[in-house]
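Use the sequences and the hints to build the structure in full.
Sequence lines, in order, name chains H and A. The first sequence lines up with residues 1 to 233 when you count with the working numbering. The second sequence lines up with residues 1 to 183 when you count with the working numbering.
Calculated directly from the structure, the hints in this document are not laboratory data. From a predicted model like this one, the values you see are computed outputs, not experimental measurements. Among the hints, erroneous ones may be present.
Stated by the list, open to error - Here are some, though not all, of the chain A residues that point toward chain H, as calculated from beta-carbon distances under 7 Å: (1) L133; (2) T137; (3) I157.
By construction, the Cβ of each residue, glycine as well, lies at the ideal position given by its N, Cα and C atoms.
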Amino acid sequence: MTILRARGVVKSYGPTPALRGVSIDIAEGEIVAVTGPSGCGKSTLLHCLAGILRPDAGEVTYGEHRLDTWSERMRARLRRTEFGVLFQFGQLVPELTAAENVALPLLLAGTGRREARTAAVQWLDRLGVAELADTRPGEMSGGQQQRCATARALVTEPRVLFADEPTGALDSRTSEQLLGQLVRVVRDQRTTVVLVTHDATVAGYADREVSLRDGALDPSGLGLTAVQGRHGR
Amino acid sequence: MNSEGVSTTHVLLGLLAHGPMHGYELKRSHDQRLPQAKPVAFGQVYATLGRLQRDGLVTTSGHDQAGGPERTSFALTEAGRARLDEWLSEIEPPAPFVTSALFAKVAVAVLVSGEARARDYLVAQRAAHMERLRALTLVKTDPESSLGDVVAADFAILHLDADLRWVANTLDRVADLHREVQS
Chain H
1 MTILRARGVV KSYGPTPALR GVSIDIAEGE IVAVTGPSGC GKSTLLHCLA
51 GILRPDAGEV TYGEHRLDTW SERMRARLRR TEFGVLFQFG QLVPELTAAE
101 NVALPLLLAG TGRREARTAA VQWLDRLGVA ELADTRPGEM SGGQQQRCAT
151 ARALVTEPRV LFADEPTGAL DSRTSEQLLG QLVRVVRDQR TTVVLVTHDA
201 TVAGYADREV SLRDGALDPS GLGLTAVQGR HGR
Chain A
1 MNSEGVSTTH VLLGLLAHGP MHGYELKRSH DQRLPQAKPV AFGQVYATLG
51 RLQRDGLVTT SGHDQAGGPE RTSFALTEAG RARLDEWLSE IEPPAPFVTS
101 ALFAKVAVAV LVSGEARARD YLVAQRAAHM ERLRALTLVK TDPESSLGDV
151 VAADFAILHL DADLRWVANT LDRVADLHRE VQS
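Right under this line is the structure:
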């Protein structure tokens with residue numbers, strides 16, 4: 001069953017086109033890697049699918065809902081309840097402990113403090129960092145911070161997780177540990193994942209790959225690895 | 001040596017360092033210890049053992065016939081252990097030649113049929129590489145996988161990744177390469 005659908009999505013930043021009419025279908029429970037070189041539009045596509053950005057033209061459908069016609073307020077509510085978002089840098093609140101950071105989305109959704117804390121600690125445990133519950137982000141390694149951010153993205157048990165280069169700032173061992181854990185958890189939960197990456201070894205964790213090049217789908221998938229430039233050698 | 005330049009002779013010497021084995025055990029041990037490697041053929045194991053024995057690097061250490069044909073066990077000699085140590089300390093020349101079939105095909109495709117042919121080949125090869133990379137990632141994330149499986153899968157994944165980067169770069173360069181060949 002298709003959970004997310006884009007049809008002819010166009011998005012520009014001022015005069016610069018980022019997406020030139022992209023159409024894709026994502027099935028429920030699927031892990032899809034969106035790949036392509038820097039500047040190909042993959043993050044913009046993720047933002048449009050997640051309802052963070054509104055496309056200039058085209059349709060974005062989540063289940064039965066046409067997100068492109070919704071107000072920012074409605075999309076924000078949907079993002080809080082149905083979607084989880086994970087970026088390259090965890091964007092944890094530095095003043096809060098790991099457990100408080102992870103509990104945040106639940107508190108925003110109206111869950112009681114104690115219940116939210118219990119769920120937060122459980123999710124930290126599932127990501128292998130329960131011992132960091134009372135630690136602040138400044139005292140954690142990059143990998144630990146990303147695990148906390150992952151727990152925070154999943155604590156509301158979203159139907160779709162949007163991850164934009166989630167391991168982009170991590171070394172390869174830390175990256176594979178996080179991805180291994182992330183994939184195990186989302187498979188258990190049957191969470192759909194849209195995973196943006198420029199790295200083939202990260203795309204390898206997905207069920208399939210959608211490649212972009214210059215804002216359009218690239219059926220050959222050859223835009224995967226960023227090249228140093230197309231001029232000279 | 002096989003096509004990847006791995007010395008089966010030295011690998012078998014290494015396996016015998018654990019204790020005497022007969023040919024069948026050695027073959028099984030090889031395939032288990034070097035998962036994802038090309039399995040070694042029985043014929044190659046026996047031929048190698050014959051050579052090693054002739055050179056005094058292994059010696060027969062017993063025979064058994066537990067309800068089947070007689071099997072000879074082989075053990076590492078002092079000379080064999082010395083040869084093994086020497087191999088383990090020897091630094092491999094880092095990529096002295098570009099021997100990849102991928103590289104050869106692209107070079108020849110450009111020469112014979114031009115840029116479009118090379119591109120078609122690279123597109124198809126990339127899809128096959130990604131499929132293999134996904135399968136190996138599954139091995140890596142399977143909780144049942146042994147450390148040996150994971151280490152082997154990692155090795156293959158990182159090499160496929162290097163190929164994939166090369167494929168992407170080459171597509172951007174193939175046009176130039178073609179012009180160079182034509183001139």
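Here is how each hint holds up against the structure:
Given the 7 Å rule on beta carbons, the hint for L133 of chain A holds: about 4 Å separates it from the nearest Cβ of chain H. Contact between T137 of chain A and chain H, as hinted, is supported at the beta carbon level, the nearest pair being about 4 Å apart and thus within 7 Å. For I157 of chain A, the suggested interface contact is upheld, since its CB lies about 6 Å from the closest CB of chain H, less than 7 Å.
Hint compliance for this structure: no hint is broken.
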